[in-house]
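My request is simple: use the sequences and hints to build the entire structure.
There are 2 protein chains.
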Amino acid sequence: MNQSTARKTSATTDDHQEDRPHVLTLPLEDQQADREPHSYERWLLAKLMRMAGSPPVRFQLWNDEFVGPEVGQARFTLRLTDPKALYALVTNPNLAFGDLYSAGRLQVEGDLSDLMEALYRSLHNARQQWPRWLEALWRNHNPRPTGVSEARENIHHHYDLGNEFYQLWLDQAEMQYTCAYYETPELTLEQAQLAKLEHVCRKLRLKPGMTVVEAGCGWGGLARYMARNYGVKVHSYNISKEQLTYAREEARRQQLDHLIDYVEDDYRNISGQYDAFVSIGMLEHVGKDNYQALSELIRRSLKPNGIALLHSIGRNRPMLMNAWIEKRIFPGAYPPSISEFMGICEHGGFSVMDVENLRLHYAQTLTHWMERFRNNMDKVTGMYDEHFVRAWEMYLAGSIAAFRTGSLQLFQVVFTHGENNQLPQSRKDIYRSPAAPEAY
Amino acid sequence: MNQSTARKTSATTDDHQEDRPHVLTLPLEDQQADREPHSYERWLLAKLMRMAGSPPVRFQLWNDEFVGPEVGQARFTLRLTDPKALYALVTNPNLAFGDLYSAGRLQVEGDLSDLMEALYRSLHNARQQWPRWLEALWRNHNPRPTGVSEARENIHHHYDLGNEFYQLWLDQAEMQYTCAYYETPELTLEQAQLAKLEHVCRKLRLKPGMTVVEAGCGWGGLARYMARNYGVKVHSYNISKEQLTYAREEARRQQLDHLIDYVEDDYRNISGQYDAFVSIGMLEHVGKDNYQALSELIRRSLKPNGIALLHSIGRNRPMLMNAWIEKRIFPGAYPPSISEFMGICEHGGFSVMDVENLRLHYAQTLTHWMERFRNNMDKVTGMYDEHFVRAWEMYLAGSIAAFRTGSLQLFQVVFTHGENNQLPQSRKDIYRSPAAPEAY
Numbered sequence: 001m002n003q004s005t006a007r008k009t010s011a012t013t014d015d016h017q018e019d020r021p022h023v024l025t026l027p028l029e030d031q032q033a034d035r036e037p038h039s040y041e042r043w044l045l046a047k048l049m050r051m052a053g054s055p056p057v058r059f060q061l062w063n064d065e066f067v068g069p070e071v072g073q074a075r076f077t078l079r080l081t082d083p084k085a086l087y088a089l090v091t092n093p094n095l096a097f098g099d100l101y102s103a104g105r106l107q108v109e110g111d112l113s114d115l116m117e118a119l120y121r122s123l124h125n126a127r128q129q130w131p132r133w134l135e136a137l138w139r140n141h142n143p144r145p146t147g148v149s150e151a152r153e154n155i156h157h158h159y160d161l162g163n164e165f166y167q168l169w170l171d172q173a174e175m176q177y178t179c180a181y182y183e184t185p186e187l188t189l190e191q192a193q194l195a196k197l198e199h200v201c202r203k204l205r206l207k208p209g210m211t212v213v214e215a216g217c218g219w220g221g222l223a224r225y226m227a228r229n230y231g232v233k234v235h236s237y238n239i240s241k242e243q244l245t246y247a248r249e250e251a252r253r254q255q256l257d258h259l260i261d262y263v264e265d266d267y268r269n270i271s272g273q274y275d276a277f278v279s280i281g282m283l284e285h286v287g288k289d290n291y292q293a294l295s296e297l298i299r300r301s302l303k304p305n306g307i308a309l310l311h312s313i314g315r316n317r318p319m320l321m322n323a324w325i326e327k328r329i330f331p332g333a334y335p336p337s338i339s340e341f342m343g344i345c346e347h348g349g350f351s352v353m354d355v356e357n358l359r360l361h362y363a364q365t366l367t368h369w370m371e372r373f374r375n376n377m378d379k380v381t382g383m384y385d386e387h388f389v390r391a392w393e394m395y396l397a398g399s400i401a402a403f404r405t406g407s408l409q410l411f412q413v414v415f416t417h418g419e420n421n422q423l424p425q426s427r428k429d430i431y432r433s434p435a436a437p438e439a440y
Numbered sequence: 001m002n003q004s005t006a007r008k009t010s011a012t013t014d015d016h017q018e019d020r021p022h023v024l025t026l027p028l029e030d031q032q033a034d035r036e037p038h039s040y041e042r043w044l045l046a047k048l049m050r051m052a053g054s055p056p057v058r059f060q061l062w063n064d065e066f067v068g069p070e071v072g073q074a075r076f077t078l079r080l081t082d083p084k085a086l087y088a089l090v091t092n093p094n095l096a097f098g099d100l101y102s103a104g105r106l107q108v109e110g111d112l113s114d115l116m117e118a119l120y121r122s123l124h125n126a127r128q129q130w131p132r133w134l135e136a137l138w139r140n141h142n143p144r145p146t147g148v149s150e151a152r153e154n155i156h157h158h159y160d161l162g163n164e165f166y167q168l169w170l171d172q173a174e175m176q177y178t179c180a181y182y183e184t185p186e187l188t189l190e191q192a193q194l195a196k197l198e199h200v201c202r203k204l205r206l207k208p209g210m211t212v213v214e215a216g217c218g219w220g221g222l223a224r225y226m227a228r229n230y231g232v233k234v235h236s237y238n239i240s241k242e243q244l245t246y247a248r249e250e251a252r253r254q255q256l257d258h259l260i261d262y263v264e265d266d267y268r269n270i271s272g273q274y275d276a277f278v279s280i281g282m283l284e285h286v287g288k289d290n291y292q293a294l295s296e297l298i299r300r301s302l303k304p305n306g307i308a309l310l311h312s313i314g315r316n317r318p319m320l321m322n323a324w325i326e327k328r329i330f331p332g333a334y335p336p337s338i339s340e341f342m343g344i345c346e347h348g349g350f351s352v353m354d355v356e357n358l359r360l361h362y363a364q365t366l367t368h369w370m371e372r373f374r375n376n377m378d379k380v381t382g383m384y385d386e387h388f389v390r391a392w393e394m395y396l397a398g399s400i401a402a403f404r405t406g407s408l409q410l411f412q413v414v415f416t417h418g419e420n421n422q423l424p425q426s427r428k429d430i431y432r433s434p435a436a437p438e439a440y
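Respectively, the protein sequence lines represent chains A and B.
Residue 1 is where the first sequence starts when you use the numbering used here, and the numbers rise one by one after that.
Residue 1 is where the second sequence starts when you use the numbering used here, and the numbers rise one by one after that.
Don't read these hints as lab results, they were simulated from the structure.
Hints may contain errors.
Just so you know, same-sequence chains aren't split out, so a pair can sit in one copy or run between any two.
Subject to a maximum C-alpha distance of 30 Å in a straight line, what follows is the list of computed DSSO-like cross-link-like pairs (lysine-lysine) [stated by the list, open to error]:
#, residue 1, residue 2
1, K207, K428
2, K303, K233
3, K233, K428
4, K303, K84
5, K288, K241
6, K379, K303
7, K207, K233
8, K207, K47
9, K47, K379
Written as structure tokens, this is what we have:
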């Protein structure tokens with residue numbers, strides 16, 4: 001969606017700016033919500049549901065009539081407010097589902113994450129029987145380019161929404177907008193995010209005085225954690241202005257600024273050689289075209305005995321990002337499949353030492369975010385319009401479903417130069433004590 | 001090499017059988033070891049060494065003359081016993097080095113593993129500058145086919161050399177002919193092999209009453225360990241007769257035969273569904289052409305919430321097996337690169353949960369094997385001819401070097417069906433206590 005229009009403080013000025021993703025809306029007078037549904041409209045919806053594997057869903061049309069299974073078999077009711085919403089949905093369900101929900105023209109009765117999970121499962125099974133033409137119709141389009149200038153636009157679109165907004169629902173420990181590590185299931189979001197940071201530091205085998213370079217640092221939490229707890233010097237690159245402002249202020253406040261250099265620059269401009277190369281949640285934005293260059297960059301930035309860690313959303317198979325997410329939420333996003341991920345390591349002559357998949361940890365992280373987002377709904381609606389709020393809910397709910405159903409994975413990959421023989425004897429010391437603080 | 005000819009007990013009969021790998025030998029009268037070396041022969045050797053990156057090696061020719069760097073710079077002396085050995089080496093060094101060593105026509109002064117390591121490092125660096133024609137000349141050939149009938153031949157060639165032979169230098173705990181797990185560096189071979197078995201069981205999260213299928217079971221040690229320590233039922237497939245004979249006897253002796261079914265059959269004929277699918281050191285013999293079929297086999301053999309583990313030698317990049325090893329030692333062998341390995345998982349819609357690289361553990365395992373092999377040299381030479389003994393030494397030394405220099409990797413990969421949500425919360429419990437017994 002177009003965040004510029006959504007943000008209440010800076011509305012109207014660029015309402016018609018077409019170069020950024022925006023939400024499909026139609027003037028209400030065209031929506032013909034006062035007429036009776038046609039029988040072929042009911043047929044189209046029923047057909048759509050069959051192609052989607054008959055999920056436990058029924059529709060309520062604009063005249064309150066129900067289409068689909070009995071209420072006993074339908075765990076969710078989707079209300080379509082007008083005929084055009086129905087046409088948008090049946091002709092381009094992949095994109096329109098999120099857009100109509102955001103616009104309030106598709107309303108959901110039942111839990112949104114559970115609905116999305118049911119739809120994911122149902123679709124996943126149904127797709128295996130689809131004819132080729134249907135698969136082609138459904139196909140997600142290629143992500144937007146991610147060159148140096150486009151990357152700035154892509155990142156600005158999402159990460160510069162305002163630090164106050166993210167503070168409402170991210171953890172209060174280190175503003176981590178990536179998968180947490182629930183080493184035990186009852187951890188709070190704060191504990192699990194700190195555990196993630198600790199887990200990453202342990203995998204990197206940090207020692208005081210070492211140097212670290214970080215590609216994409218968010219609000220700078222990992223760099224501060226490393227400097228504070230491991231006494232290392234960190235250079236952290238980011239192209240989101242709002243995040244960097246926060247990161248720098250926070251480092252000063254914690255008197256860590258002598259150990260951390262937050263650099264406002266593209267990761268491609270990283271220079272120097274370091275004991276560790278780390279990137280948490282940036283690879284999803286890098287784009288396949290840049291994998292080889294990233295690999296070469298890590299090759300020249302890592303000291304001979306250095307350790308690199310990439311943490312990224314990934315896939316079990318190569319697959320384009322969901323169209324709605326790529327268009328409205330994360331422009332340019334492409335999560336690599338595990339073999340594509342390994343291809344990055346192979347290109348640079350690296351030796352992959354450790355891969356850990358934290359898929360269900362991301363589902364739990366997102367569930368915690370969703371909870372806080374909803375608890376702060378009044379504040380969010382004070383900042384943004386309802387359209388934005390619903391889009392964000394859909395994004396969080398859809399992501400929970402994607403991680404729960406295995407449509408998305410979360411890979412932490414540790415690797416070294418192929419010639420490096422200074423390797424840890426085992427992974428045992430990563431587990432020497434709990435990674436999470438006892439309380440937060 | 002041709003084991004049939006090598007084995008003293010069954011010599012002569014099939015000396016000229018050409019369908020099995022055999023060692024290049026020339027009748028001595030052709031070898032012209034009594035003439036002076038020509039100047040262009042010295043030039044050829046010097047050229048070969050330059051192309052190989054000038055390793056710290058000098059040659060001693062059949063007339064005792066030295067070629068190469070001063071004794072101070074040369075850590076190793078390679079003695080060539082005759083002119084034809086020189087020609088074989090310069091025209092096909094990749095294959096001839098091992099063959100000439102086995103034949104006693106290339107003799108090494110200095111530690112063989114250290115020499116091989118120095119050659120690997122030197123070659124690795126030099127190759128990056130090689131012109132294309134030289135790279136093409138050096139190229140390893142494609143491995144032999146690994147269909148059901150060829151696989152029998154391939155496996156028989158190596159694994160049916162005689163249990164008494166392997167007992168001389170493998171661990172006395174469970175006859176493990178795969179990488180051990182040195183969770184601490186001072187472990188004995190027996191402790192480290194038992195630790196490997198325990199490590200694998202923990203990764204598979206075995207519980208009493210579960211069922212396991214094993215593809216390629218060697219002498220059956222993992223199956224017995226699982227039955228004994230975890231109370232699971234194991235079906236273990238193998239096509240090496242000699243190994244199975246030992247495995248079955250040992251299971252009976254340990255009164256574990258009610259829990260273990262050792263099946264003499266190709267892994268492709270595995271049937272049924274199991275809580276765990278495990279394969280230690282078989283993937284190297286499967287061949288790229290069969291990766292998809294293997295993936296589909298695991299898909300249908302694994303229960304919905306089951307866990308699979310593949311343990312295999314691998315590569316940092318796709319690369320053919322060393323020609324000499326493929327021809328003389330492991331016919332049909334091809335260690336997958338990490339992305340090829342992941343491709344196996346992707347094909348079956350699996351979710352990769354854990355990858356661990358134990359490269360240096362294999363170097364240590366091989367060092368222990370080599371030590372025992374040398375300590376039992378008198379017994380080995382009682383069983384096989386000198387040619388065989390030298391070939392085996394070269395194979396062990398070359399493998400040590402390959403793992404030390406990162407030319408080979410050892411990957412343990414854990415994966416599940418993509419839809420499985422019954423995943424362990426973390427890997428912490430794998431490290432709950434030492435995997436190795438306190439003593440052996």
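Going down the list of hints, with the structure as the test:
no., hint, verdict
1, K207 with K428, "both (17 Å within a copy, 22 Å between copies)"
2, K303 with K233, "within (15 Å within a copy, 48 Å between copies)"
3, K233 with K428, "both (26 Å within a copy, 29 Å between copies)"
4, K303 with K84, "neither (59 Å within a copy, 45 Å between copies)"
5, K288 with K241, "within (25 Å within a copy, 48 Å between copies)"
6, K379 with K303, "neither (47 Å within a copy, 47 Å between copies)"
7, K207 with K233, "within (10 Å within a copy, 45 Å between copies)"
8, K207 with K47, "neither (60 Å within a copy, 46 Å between copies)"
9, K47 with K379, "neither (40 Å within a copy, 76 Å between copies)"
Figure legend: structure checked against the earlier numbered hints; hints not met, in rising order: 4, 6, 8, 9.
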